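Let chain A serve as the given structure and place chain B on it in line with the hints.
Number of protein chains: 2
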Amino acid sequence: MIDITLLGTAALMPLPDRALTAVFLTCAGRSILFDCGEGTQTAARKAGVSLMKTDLIALTHYHGDHIFGLPGLLQTLYSLGRTEPLYITGPAGLQEELAPILKLAGWMPYEIVLLPFPEEGLRPETLAKGWPTEAKLTAFPTEHRVPSQGYCFTLSRAGKFLPEKAKALGVPMNQWSLLQKGQSITVNGTVIDPDQVLGTPRKGLKFVFSGDTAACPALIDGASDADLFISEATYGENEQAALAVDHGHMNFAQAASIAAQAHVKRLWLTHYSQMIEDPAEYLPNAASIFPNAVCGEDGMRLSLRFENE
Amino acid sequence: MIDITLLGTAALMPLPDRALTAVFLTCAGRSILFDCGEGTQTAARKAGVSLMKTDLIALTHYHGDHIFGLPGLLQTLYSLGRTEPLYITGPAGLQEELAPILKLAGWMPYEIVLLPFPEEGLRPETLAKGWPTEAKLTAFPTEHRVPSQGYCFTLSRAGKFLPEKAKALGVPMNQWSLLQKGQSITVNGTVIDPDQVLGTPRKGLKFVFSGDTAACPALIDGASDADLFISEATYGENEQAALAVDHGHMNFAQAASIAAQAHVKRLWLTHYSQMIEDPAEYLPNAASIFPNAVCGEDGMRLSLRFENE
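For the record, the sequence lines run as chains A and B. Sequential numbering from 1 applies to the first sequence in the numbering used here. Sequential numbering from 1 applies to the second sequence in the numbering used here.
Pulled out of the complex, with its shape left as it was, chain A reads as follows (with noise of 0.2 Å):
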């Protein structure tokens, strides 16, 4: 299962009902926060969230908006008497661009560990104890007017345990759950390996977060087949599709097609503009191009499970 809660909506400057941007991930009791906005505390504790389970900050872009949250979460953090690492990820320049933001925040009883983001991909796994081994966080390159990525977290799942095989193969039902949970095992001298007594990988879930960016092929990558996507959706009005682009942002029906084009099964819109009073006038402009299109609120919060079968 993969708890997903949007903190904050606001795009470029924090208003009463809508913090700058974060969105928080909770898997197996371990989690990621992404991006930072000034609000972000307050948001976590509205949302009753708690940021000390953040073992990772995956930044999209060095934008004030997504970052000036993090020298008073640091410190609180310190307060509330952290001791375990925290891990920070970003695109190009997190060393030079984080600078500022440590200094201001002073010295930490806790390791902060600066971590340019691997091209690989990353197993939350290796940062922190506790992470399901099937969890893997990748990132892929977006279109702002700054080094900008999004990130997509999986969670894959198993085939399902086939006793027939296992029986076959001679294995006691007392070691049939050391092969469920993905270990090998050895019987009467014979290495037994979980691929052979599971059957075909099932559908895992997949979550998607684009950060800002203008519409581009690599969001379509990225957020393909997504549970959540979650979009940035900076304009309302299908008119200000050009003004979009200059500016590295979409509107709502850019987001929408995104959507679409990638097969994702939800969409949520967010980083509204301060022009924006109410994003409900404009979900119409999304909505006719993907129907399972919604606004985004501060606090929202969806539980992605994986499907019977």
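Calculated from the structure, these hints are not laboratory results. Careful, some of the hints might be misleading.
[What the hints assert, rightly or not] Think about it this way: if two alpha-carbon atoms lie no more than 30 Å apart in a straight line, the pair counts; the simulated BS3-like pairs of lysine-lysine are:
hint, chain 1, residue 1, chain 2, residue 2
1, B, Lys167, B, Lys103
2, A, Lys181, A, Lys129
3, A, Lys46, B, Lys46
4, A, Lys103, B, Lys167
Treat the numbers as computed from the prediction; the structure is a model and nothing was measured.
Positioned in the frame of chain A, the structure of chain B alone reads:
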């Protein structure tokens, strides 16, 4: 008249109903912002005050919970089209402490002037047009763990205009208003100064903000006879008096004792530790020492007016 809006009442970490420290002062349409913790922008919007009119940001010290709202505010003022210079002042270390803030905020289309606080105080009229000549800001040293200062904002008030004196000096009635406004005039080649036609100066207005501090004599001096004294009161329990001193803070009772010794008119408590769920629970600890004490809340507002006389 001086309008005071208490924007944030939290210490250390922001809470859903408590933004971090910020106090907004407006006088004759111009404004000073005291401190700028994370969440100040949102708190200002909730309170219905516009930070665009801020000429000066006066910092009490450079701890994160008092300054981490700055980078975002500086960028928002840019987005909203500010062109007027913005002055920022504070205790020793201003340049060094603000360097990472300015680095994060990036290039601005308006001038940011880091202004070491002048020992003799500051007349806001020297910073921007529109401030009354009677307005003055002074600072007093406080006792925190780092260089820190509290602020007094005063609005002096001339004596009553005495028509019989003006008549005796031969001042034509159409020039009385100039003298009332504090301008000298010339009548038949003789210079007439305002104090020749005004009674003794009347009681003005005084607003004082403590910043973070332990109880100390300078705070009593600074707050003396204030019409409104906003004081930090980090801890609620009387038994936390020694703890408060150790941390360079006060409890409710210590803040009330300062207010009583300084003979202020009203005391607003603020800067509550996150351990204090409901400040009102501890109000008796202050009110038993200084009856005119109230618990500050985000968005609390008061207009200080000259007495009728």
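Report the numbers of all earlier hints that the structure fails to satisfy, in ascending order. Result: hints 1 and 4 break, sorted rising.
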